[in-house]
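Engineer: Residue-level listing of the chains:
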Amino acid sequence: GAVVSQHPSWVICKSGTSVKIECRSLDFQATTMFWYRQFPKQSLMLMATSNEGSKATYEQGVEKDKFLINHASLTLSTLTVTSAHPEDSSFYICSARDFRGTDTQYFGPGTRLTVL
Amino acid sequence: DQQVKQNSPSLSVQEGRISILNCDYTNSMFDYFLWYKKYPAEGPTFLISISSIKDKNEDGRFTVFLNKSAKHLSLHIVPSQPGDSAVYFCAAKNQAGTALIFGKGTTLSVSS
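Protein sequences appear in the order of chains A and B. Take our numbering: the last position of the first sequence gets the number 813, and nothing is skipped along the way. Take our numbering: the last position of the second sequence gets the number 129, and nothing is skipped along the way.
It is worth saying that the hints were derived from the structure and are not from the lab. Check before you lean on any hint, since a few could be wrong.
Said to hold, decoys possible - Taking beta-carbon pairs under 8 Å as the criterion, some of the chain B residues facing chain A (in silico): (1) A58; (2) G60; (3) F63; (4) S66; (5) F106; (6) T115; (7) L117; (8) G120.
To be verified - Below 27 Å or equal to it, Euclidean Cα-Cα: the simulated DSSO-like pairs (lysine-lysine) are: (9) A:K717 to A:K752; (10) B:K88 to A:K738; (11) A:K717 to B:K55; (12) B:K121 to A:K763.
Virtual Cβ for every residue (Gly too), placed ideally from N, Cα, C.
Given the sequences, and given the hints that come with them, work out the whole structure.
Structural biologist: See below:
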């Protein structure tokens, strides 16, 4: 199957700093990538849809100025959590849409963000 | 309003028996359904999918059944193995949209 990587896998930062998370599709091109957030024992919540070469589409309630998304190439999307606060601590997961086959989304391993 | 529902938060099954995970949806525009398996602190792993033009899709020990009239799908795992213990998410999408809508997940525990 298609492989999606995320980096870093775990990051701890101080309140007020910014953190960048990378999502890469390793063996396929992804014109569309998605960013999800998961709180403990809850489902995956879609934050935004990232389209290569255009602005991301954010879900209702997600602050676009706080969660900056850049999809500069067909294999890379980045999520930057700006001025992070403890309530931003969560598990962030990206997925990439593979158009080659059945339009399945493949997920990265996730990034655990802890804001102190 | 939750469009994809997994009403059973947990399921316990003995090794070798069948595991049946259920999922209901409310949006009749959904035309593609997927099941993902997730371990703690990892991203979901794609298991199996089904298009709305089919009512069954099989891949090894995993079979997904779709009942469009009831807006219900299920994942059958036969035989269940301890390594199948994980959280299983049902997801759906419609032709017009590209994002997946996820259920809340069902935690499957397979005991040996």
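Engineer: Hey, does the B:G60 contact hint survive, CB to chain A under 8 Å?
Structural biologist: 4 Å, holds
Engineer: For the hint on B:G120, just tell me whether its beta-carbon gets within less than 8 Å of chain A.
Structural biologist: Result: holds, 7 Å to nearest chain A Cβ.
Engineer: Is it true that the CA of B:K121 sits at most 27 Å from the CA of A:K763?
Structural biologist: With Cα atoms ~26 Å apart, B:K121 and A:K763 stay inside 27 Å; holds.
Engineer: Would the hint on B:F63 be counted as holding, given a Cβ-Cβ threshold of 8 Å to chain A?
Structural biologist: Since chain A brings a Cβ to about 6 Å from B:F63, closer than 8 Å, the hint holds.
Engineer: For the pair we were handed, A:K717 and A:K752, check the Cα-Cα distance against 27 Å.
Structural biologist: 17 Å, holds
Engineer: Please check whether B:S66 passes as an interface residue: C-beta within 8 Å of a C-beta belonging to chain A.
Structural biologist: 6 Å, holds
Engineer: Taking 8 Å as the limit, does the beta-carbon of B:F106 come near enough to a beta-carbon in chain A?
Structural biologist: 7 Å, holds
Engineer: Just to be careful: measuring from the Cβ of B:T115 to every Cβ in chain A, is the smallest value less than 8 Å?
Structural biologist: Because about 6 Å separates B:T115 from the closest Cβ in chain A, which is inside the 8 Å limit, the hint holds.
Engineer: Hey, does the B:A58 contact hint survive, CB to chain A under 8 Å?
Structural biologist: Constraint on B:A58 satisfied, holds at 6 Å.
Engineer: Are B:L117 and chain A close enough, Cβ to Cβ, to be under 8 Å, as the hint says?
Structural biologist: Cβ of B:L117 sits 6 Å from chain A, so the hint holds.
Engineer: Hint check: A:K717 vs B:K55, CA-CA at most 27 Å. Holds or violated?
Structural biologist: Since the Cα atoms of A:K717 and B:K55 sit roughly 24 Å apart, the hinted pair holds (cutoff 27 Å).
Engineer: Below or equal to 27 Å on CA atoms is what counts here, so check B:K88 against A:K738.
Structural biologist: With a Cα-Cα distance of about 25 Å, the restraint between B:K88 and A:K738 holds, given a limit of 27 Å.
Consistency with the previously given hints is maintained throughout, with no hint failing.
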